[in-house]
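The whole structure should be built from the sequences, with the hints applied where relevant.
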Amino acid sequence: MELKEKERTLIQDLQTQEQSCVEKYGKYAAQAKDPELKSLFETIQKEEQKHYDTLQQVLDGSVPACDCNDTQGKDYEPKVTYGTLDNSEDKQHDAFLATDCIGTEKLVSSEYNTDVFAFANTALRKLLADIQIEEQNHAEMIYKYKTANGMA
Numbered sequence: 256m257e258l259k260e261k262e263r264t265l266i267q268d269l270q271t272q273e274q275s276c277v278e279k280y281g282k283y284a285a286q287a288k289d290p291e292l293k294s295l296f297e298t299i300q301k302e303e304q305k306h307y308d309t310l311q312q313v314l315d316g317s318v319p320a321c322d323c324n325d326t327q328g329k330d331y332e333p334k335v336t337y338g339t340l341d342n343s344e345d346k347q348h349d350a351f352l353a354t355d356c357i358g359t360e361k362l363v364s365s366e367y368n369t370d371v372f373a374f375a376n377t378a379l380r381k382l383l384a385d386i387q388i389e390e391q392n393h394a395e396m397i398y399k400y401k402t403a404n405g406m407a
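To convert a position in the sequence shown, counted from 1, into the numbering used here, add 255.
Think of the hints as simulated: they come from the structure by calculation, not from any bench.
Heads up, some of the hints might be wrong.
No more than 27 Å apart at the CA atoms, straight line, and that leaves these computed lysine-lysine pairs for BS3-like [unchecked claim]:
| no. | residue 1 | residue 2 |
| --- | --- | --- |
| 1 | LYS282 | LYS361 |
| 2 | LYS259 | LYS305 |
| 3 | LYS334 | LYS288 |
| 4 | LYS279 | LYS305 |
| 5 | LYS381 | LYS329 |
| 6 | LYS361 | LYS399 |
| 7 | LYS279 | LYS401 |
Simulated restraints, written as ranges between beta carbons of each label pair [stated by the list, open to error]:
| no. | residue 1 | residue 2 | range |
| --- | --- | --- | --- |
| 8 | ARG380 | GLY405 | 36 to 42 Å |
| 9 | THR354 | ALA375 | 36 to 42 Å |
| 10 | THR339 | GLN267 | 41 to 47 Å |
| 11 | GLN312 | ASP355 | 26 to 32 Å |
| 12 | THR339 | MET256 | 49 to 55 Å |
Ideal placement from N, C-alpha and C gives every residue a C-beta, glycine not left out.
Listed below in structure tokens is the structure:
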């Protein structure tokens, strides 16, 4: 499959977003105080790396099969670490990291939502739409973590 110039540029921009997510989740996993949040960030980091690699395959001329996990957000049940009345520095720190990541996921999901309409190839549009769903799942998982830990 050959990409038009505009399509190639959009995929490269999305790949830049994914690389930023990989780096952010790696740094935030190292900074998280709660082992549950650390684990969640590490899981999402691996998925963002898969998105990056998938986009590289597109740039290399192929459209990989979609394997969208559209129940990941719904199925996630975080362990509770912080109580509702807990107002510790660790909780506030982890709440900041989680909130920042939700904002990032919203931004990246929005980019996929906008960019998908620039592609003529049906399989590629499906792939991008599936990645967008996975980004939404990431935000849902983080939101569930925040809710369970009295941060939302």
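message: So, against the hints stated earlier in the document, which numbers end up violated here?
response: No hint contradicted; all consistent.
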